[in-house]
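Spelled out, the chains give:
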Amino acid sequence: MKKVRTWKKITLALGFVAAALMLSLSAHAASHGKVIVFHAGSLTVPFAKMEKIFESKYPGTDILREAGGSTKMARMISELNKPADIMASADYAVIDKSLIPAKAQWNVRFATNQLVLCYTDRSRFAGEINAQNWYDILGREGVVWGHSDPNLDPCGYRSLMVLQLAEKHYDKPGLYDRLIANRPKENIRPKSVELVSLLKTGNMDYAWEYLSVAVQHDLKYVVLPDEINLGNYRQDDFYKEAKVKVTGKKPGTWITRTGGSVTYGITMVKEAPNPDGALAFLEYVLSPDGGLKILKEMGQPPFVPCRVPTQEMKSMLPASLQKLVEVKN
Amino acid sequence: MTGARRKKKLDPFRSLTVFSTSVILIFILLPLVEMVLQPSLDSLQETIQDKDVLRAIWLSVYASGLAALISFIFGTPFAFLLARKTFFGKRFVESVVDLPVMIPHPVVGIAILSLAGREHWLGKVMQAVGVRVMGSVTGIVAVLLFVGLPFYINAAKAGFEAIPERLEKVSRSLGASMTGTFLRITFPLAWRSMLAGMIMCTARAISEFGAIVIVAYHPMTAPVMIYERFTAYGMKYSQPVAVWLIFVSLLLFLFLRLVSLPKRARHDSR
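The listed protein sequences derive, respectively, from chains A and B. Here my numbering runs 3 ahead of the position in the first sequence, where the first position is 1. Here my numbering runs 23 ahead of the position in the second sequence, where the first position is 1.
Be aware that a few hints might be false.
Stated by the list, open to error - One side of the interface only, derived from the structure: several residues of chain A facing chain B at Cβ under 8 Å: (1) K12; (2) L15; (3) L17; (4) K75; (5) R78; (6) R125; (7) L155; (8) N185; (9) K188; (10) P193; (11) V247; (12) K252.
If you're looking for bench data, these hints aren't it; they were derived computationally from the structure. We put the CB at the ideal spot given by N, CA and C, even for glycine.
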């Protein structure tokens, strides 16, 4: 009797193991069609919508998104060799500097944005703040304001650039240092979209964010003049005067980021695990009635059509993407 | 020498024990050894001389120790109650104590952050009084306390349960107060379990990451710094910090465990 019971237990155990193995194997079979997309935190809401629509059009594909500060995401590809098919950055310069030529060949500029100062009803002095007095309010004692980490996220160094440009534009020498003195390190977060939850829970009064993110998350915001909001390419000559030092590839090394109008870039990573899937998704993202339309609806003005700076770069694009871009610097 | 030769029989139970012991030890040690041996001695020296790294490790140890201390102060009476009394809903209360263990760590951080913001009445009160949770050591200790409490309470409770209530009753019948009984009878018998509970609580707190990173990115604890360095610079710059954290934690726990060895074991360790 005892022997039969032991055998029953053994067969049961083996049965479980077999079932587990079969489940994992079948999961493997369905994994054909994964597309890994690294993208800026500020693209989360539009890309989530694009993912849904694309997956419903192509049921065999699974878009796997990972969001973060664009600098950080690019380093994960270039330094940590994390597998990815597509990289979409809030600053096209990040792709140019970190990914080309070792990890990418081309860089398509597909959208713009501008920086705004976000807040909620709960923020201190919310009733008072406007485009004329925002820099006074940020300097007041007790006001908790922040931005993302300039070393990991373009929105971080862009926020600092806005402050530098404001000092020049409003002719208030020392404004930048005064404001930074009122922004302790604790108010910095690695990814700009994290600031949104701090605003909404009432842990922060003001945060620097992209206009599209403010719109997507129903935040109140102060619109700044074109001269300082990094949103108008015609002001590029003035934007250039802002310079921010950020950490380089190794601790102790530094890179200087120069101000320019906010331009988002996208590329396919060299040796992508799923180039066909990646190409299909890119065709969708960069098409005027596909991804670009979604960006526009969500408060982020796209380039229609998208741009590449030189004819040479255009010829490096896959054929199906070439008809979606124009050459314009 | 017994004289009689035992038949050499392969005992399946013994083999299974030896096998599972080795597998588990290898499973635990392999990644750790790999990680400890990977950084060069130069990078280890460079890292320990970095002020930011020292600050981060110290913050981890200090905040975890503080959380363990608070667990001890508030958890001891609670654990004693659970060990000695039966009441309606006791099972439910015991499950509540275990809840923090299974809540996903980011959820803990989000919950505490929501409570502390001005959008919540509690947060309004705290901020009016000047208590800052976001980005502060207070917030970090609050999170660590949340995740570490179950470990202390359960260990202390088990320690109290192992002491026969009879001894306490005798003490009371001889005229000692409840407090006197606790300090002179219960505590001397239970302190090792309580210390073991505090060690577990500290260990759990030192390794916490997901909840802390939501509440406070700065000031940086060691796990947050390891993650930040990994994503910003790569493994080469994050592993030395991890090695030093492991080393410091090992020393700390080794010391505490030695202190809590029963006198007999310390003297006849033959």
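These are the hints, each one checked on the structure:
no., hint, verdict
1, K12, "violated, 15 Å"
2, L15, "violated, 18 Å"
3, L17, "violated, 17 Å"
4, K75, "holds, 5 Å"
5, R78, "holds, 7 Å"
6, R125, "holds, 5 Å"
7, L155, "holds, 6 Å"
8, N185, "violated, 14 Å"
9, K188, "holds, 4 Å"
10, P193, "holds, 6 Å"
11, V247, "violated, 16 Å"
12, K252, "holds, 7 Å"
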